[in-house]
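Kindly generate the complete structure, drawing on both the sequences and the hints.
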Amino acid sequence: MSTLIGNKPQQPLPDGAAIPKPIKPWKPTPKQLLPDLLGAITAVAASLIVVAVTPLAGGLGLLATFISISIVVASSISWIRQDRKAAANSVSTIVIYFLAAFVLLPVLSIIFEIIRKGAPGLSLGIFFNDMSVTSSDAPLNEGGLLHALVGSLYVVALATVVSIPIGLLTALYLTEVNGKAAGVVRFFVQAMSGVPSIVAGLFIYAVWMISFGGTYTTAAGSMALAILMIPTVARTAEEVLKLIPTDLREAGLALGATQWKTVALVVIPAARSGLITAVILGVARVAGETAPLLLTVGGNDAMNWNPFSGNNSALPFYIWKNFGLGTETAIARAWTGIFVLMVVVMIFFTLTRILGNKKGK
Amino acid sequence: MSITENPASTHVPKPREITTEPRFSDRVFRGVVSSGGFISLIVLGLISLFLLYNGFGVFRSEGLSFVTSFDWVPESIENGTEASYGIGAMLYGTLVISFIGLFFGFPLAFGTALFLSYYAPEWIKKPMVLVVDIMAAIPSIVFGVWGYFILMPHAEEWARLINKYLGFIPIFSMPGDFFTRSPFIAGLVLAIMIIPIITSISREVFAQTPLDRIQAAYALGATRWSMIRAVVIPYGKGGVIGGAMLGLGRALGETVAVYTVLNLVYDIRPEILLSAGGSVASLIVNKFGEANAPELKALMAAGFVLFVVTLLVNLIANMIINRTVRKG
Amino acid sequence: MSQIKVNSLASVASARSSETSSQGVGLEARSIHAWFGQKHVLSDISLDFYSGTVTALIGPSGCGKSTFIRILNRMHEFIPTAAMAGEVLLDGKDIYRSGVDVTKIRLGIGMVFQKPNPFPSMTIKENVLSGLKLAQIKINNSDELLEDCLVRAGLWSEVKDRLDQYGGTLSGGQQQRLCIARSLAVKPQVLLMDEPCSALDPGSTLRIEETIRELSENMTIVIVTHNMQQAARVSDYTGFFLSDGGPGQLIETAPTSQIFSNPKDKRTEDYVTGRFG
Chain A
1 MSTLIGNKPQ QPLPDGAAIP KPIKPWKPTP KQLLPDLLGA ITAVAASLIV
51 VAVTPLAGGL GLLATFISIS IVVASSISWI RQDRKAAANS VSTIVIYFLA
101 AFVLLPVLSI IFEIIRKGAP GLSLGIFFND MSVTSSDAPL NEGGLLHALV
151 GSLYVVALAT VVSIPIGLLT ALYLTEVNGK AAGVVRFFVQ AMSGVPSIVA
201 GLFIYAVWMI SFGGTYTTAA GSMALAILMI PTVARTAEEV LKLIPTDLRE
251 AGLALGATQW KTVALVVIPA ARSGLITAVI LGVARVAGET APLLLTVGGN
301 DAMNWNPFSG NNSALPFYIW KNFGLGTETA IARAWTGIFV LMVVVMIFFT
351 LTRILGNKKG K
Chain B
1 MSITENPAST HVPKPREITT EPRFSDRVFR GVVSSGGFIS LIVLGLISLF
51 LLYNGFGVFR SEGLSFVTSF DWVPESIENG TEASYGIGAM LYGTLVISFI
101 GLFFGFPLAF GTALFLSYYA PEWIKKPMVL VVDIMAAIPS IVFGVWGYFI
151 LMPHAEEWAR LINKYLGFIP IFSMPGDFFT RSPFIAGLVL AIMIIPIITS
201 ISREVFAQTP LDRIQAAYAL GATRWSMIRA VVIPYGKGGV IGGAMLGLGR
251 ALGETVAVYT VLNLVYDIRP EILLSAGGSV ASLIVNKFGE ANAPELKALM
301 AAGFVLFVVT LLVNLIANMI INRTVRKG
Chain C
1 MSQIKVNSLA SVASARSSET SSQGVGLEAR SIHAWFGQKH VLSDISLDFY
51 SGTVTALIGP SGCGKSTFIR ILNRMHEFIP TAAMAGEVLL DGKDIYRSGV
101 DVTKIRLGIG MVFQKPNPFP SMTIKENVLS GLKLAQIKIN NSDELLEDCL
151 VRAGLWSEVK DRLDQYGGTL SGGQQQRLCI ARSLAVKPQV LLMDEPCSAL
201 DPGSTLRIEE TIRELSENMT IVIVTHNMQQ AARVSDYTGF FLSDGGPGQL
251 IETAPTSQIF SNPKDKRTED YVTGRFG
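Residue numbers (our numbering), protein chains in the order written: chain A, 1 to 361; chain B, 1 to 328; chain C, 1 to 277.
Think of the hints as simulated: they come from the structure by calculation, not from any bench. Wrong hints could be hidden among the right ones.
Here are the computed lysine to aspartate or glutamate pairs in the EDC-like style, where the Cα-Cα straight-line distance is at most 16 Å [to be verified]:
| hint | chain 1 | residue 1 | chain 2 | residue 2 |
| --- | --- | --- | --- | --- |
| 1 | A | Lys27 | C | Asp101 |
| 2 | C | Lys115 | C | Glu126 |
| 3 | C | Lys138 | A | Glu239 |
| 4 | A | Lys24 | C | Glu126 |
| 5 | A | Lys24 | C | Glu87 |
| 6 | A | Lys261 | B | Asp26 |
| 7 | B | Lys287 | B | Asp71 |
In structure tokens:
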């Protein structure tokens, strides 16, 4: 018995001895994938035939047939090769793959249509002209959306100026002071991020126009956006500040610094890029908001450089207005506006990605 | 010989209270930060206060019929009409389109979250997460315009098919031939819009599934699907439901995208494929432009109702999610 | 001092191995190598595991014994960067051969983990029978099987009146025996145990060791342990793993009594006498 088991001298392999190549035998080989591939081809062919010979027609009929045939084929392959539980596994796998694929469709369609319908109206001119002397029905090479772009810039910048201190203070309260009410505050910040944007607009209207007798201004719009932006900034900043190790704070305090100095000179600088990400996320969140602006900025076809007086436009407002006009050129202008808006949103989106990745390193 | 029998130790010293007298600068710091922290609370309070204050007259004159009656008639001297405001149909319509949105959006989001957590190979996973994130960043006006021009023609065909084969069920019946701008189509747009939030919450929940339970299931010969059914779903059920409610809250408050693809009709109709629906948020946008002062107050009241409903849904959703995911 | 320790371990071990009889090879590992990414963590491990015996794998932490045991029922592959070479034969057939149904392999080769991990959403009864549900196996006499598994895991008398309570209500040691019962329900030929007692108190540990000895009568048991007394108490054979900074190697395998009384390799002797590790 002992000879059976003890007989293998377990010496380290001599240098240069053949160490076998690492393999991953659990990865399916091409040969094993063959039945699946054949199954997929069968499913495509069968659905084409079914759609051709039955009254089912169009892309929808083809899709429905394809899904059902795929499920039948895959589950039978698994059942034949293995057993019932493998068949159930195959069905669920196929269903989940299809569900995920369906989620891709609208996004791809939206991006595709924005480019298809928005690009024709693009020209350098739209970035240098407003609509003050141009009718919406005028040819696309006349007029532009400079006023809307500038309006958006104003309204978002002002909202950011308001949101940064409040959002940051909220985050600092939740992480640094962490008082008795921290749980409640956190809870209400979460709740605040669910406030419908139209309600934010309505609220500013009630305060600004009804109670204080104000008029439509860029500033009013930015207050409404700030309500939507604060929770995003606060929650992201809280996450970022939480990642700063406690040692760092204690090191500061142990050196005799006050908490204020520790936060200002140690914690915030350490979290800087994360806090910037928080702000940009907030900007991306509100840059495309439409509903609150409809109630607050009033709209304008001309440039308005004064954010505290007079109506203004914004990109979403411009899109909304031209969409509402409904004529062919107006709708083309709306799509171009969407194109520009999406580019702006995507720039901020990409910035958060880049900064977020840098933070991870 | 235990310690408590020892007479010497009957005088257990009370823990000393450590008092610190924070420096002035720190007291200022904590004061400023704390007051900043309460701003969200204050803002939420102010929102309800101002909307309630402005809408109070309407609540008083309409009473309960404000949320139950269907007609929205501003006072008009020329037509000799008396003001009568009721958001019953709009409230009902909001619920209908939101639940249609959830009906389509939830399975897609849940499936996508499972796909990203347990099925997707690494090379698909990253771009797919990116796509879902981009989806969350698309402004609602874009969903609205896209929904109107691109989705609606398709959705109309789907609605016709549903009506053709399931028309015997009252909600799928069709009194005429009006398939555009229906609650069904608005629900589809909402479904797409709430997918990202439900997906990301579900992924967060799935990521918390204890790895040792997953391994235990596999070690017992589970397939991927039976592992998910036995471990992932029971564990994450609460959080996923919370995510769905968060999506519902978003759908309830959505304005612009719904307004562009829904025909507002001040009536409760059971047919979801019919071009007649309601939405409180859209009502506000629709009536805001030409509203006179009393009607504006009624819109404030409608906004208050919408605010309270979404706040409640959000609070409950966050409570559920906090309990299951963000422990500690 | 160390001499005394060796002798006592050896006497425990020899008392143990004299009771058992070998019934042939249950599971064979052939030239197993393992990698995580580029890192070579196990080199050329060949080891036979006999039916009706307990084999203990000992060695300092980081020597690859947990990786090895996870290779034995294909849990290794859940780590994305993992790779391996070699063969593991169950009844003479490679469990890594192409086209094999991996879920069937894991049904035949059960595993008990370091930390007790009953399914929290299931009752005690459901936990024991969970393997059948997961593998979609239908049986008629589930109550009989339930009792049989719990009796064999040494838990029946403690839980028979509370089968409908949740698994999380049990103590740590009871939970681990519940996990053993759960593994038994799918009737594996081989049971792998990855430091099953490391999270438990001494009383529970002894109770589980008793269970292991009873179970070993009709199955192949492989146990990874960092506790040499445990290896001496429960195992018939012992394999000693060691890494000198490079990949882990199997230094020596022998009947347990021999490992503890008369190890062939100097390094084994150093380890079992407590000179390092």
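Note to self: Next pair to validate is A/Lys261 with B/Asp26; report whether the Cα-Cα distance is within 16 Å.
What the structure shows: holds (9 Å)
Notebook entry, point to check: Under the criterion that the straight-line Cα-Cα distance not exceed 16 Å, is the pair A/Lys27, C/Asp101 satisfied?
Noted result: holds (12 Å)
Check: Are C/Lys138 and A/Glu239 close enough, with their CA atoms no more than 16 Å apart?
Finding: violated (48 Å)
Check: Quick one, are B/Lys287 and B/Asp71 close enough, alpha carbons at most 16 Å?
Finding: Roughly 13 Å separates the two Cα atoms, so the pair holds.
Check: Holds or violated: are the alpha carbons of A/Lys24 and C/Glu126 at most 16 Å from each other?
Finding: violated (34 Å)
Margin query: Given the hinted pair C/Lys115 and C/Glu126, is their Cα-Cα distance within 16 Å?
Written below: This hinted pair is violated, its Cα atoms lying about 19 Å apart.
Checklist line | Straight-line alpha-carbon gap A/Lys24 to C/Glu87, limit 16 Å | finding: Satisfied, since the Cα-Cα distance of roughly 12 Å is no more than 16 Å.
Going through the hint list in order, the structure does not satisfy hints 2, 3, 4.
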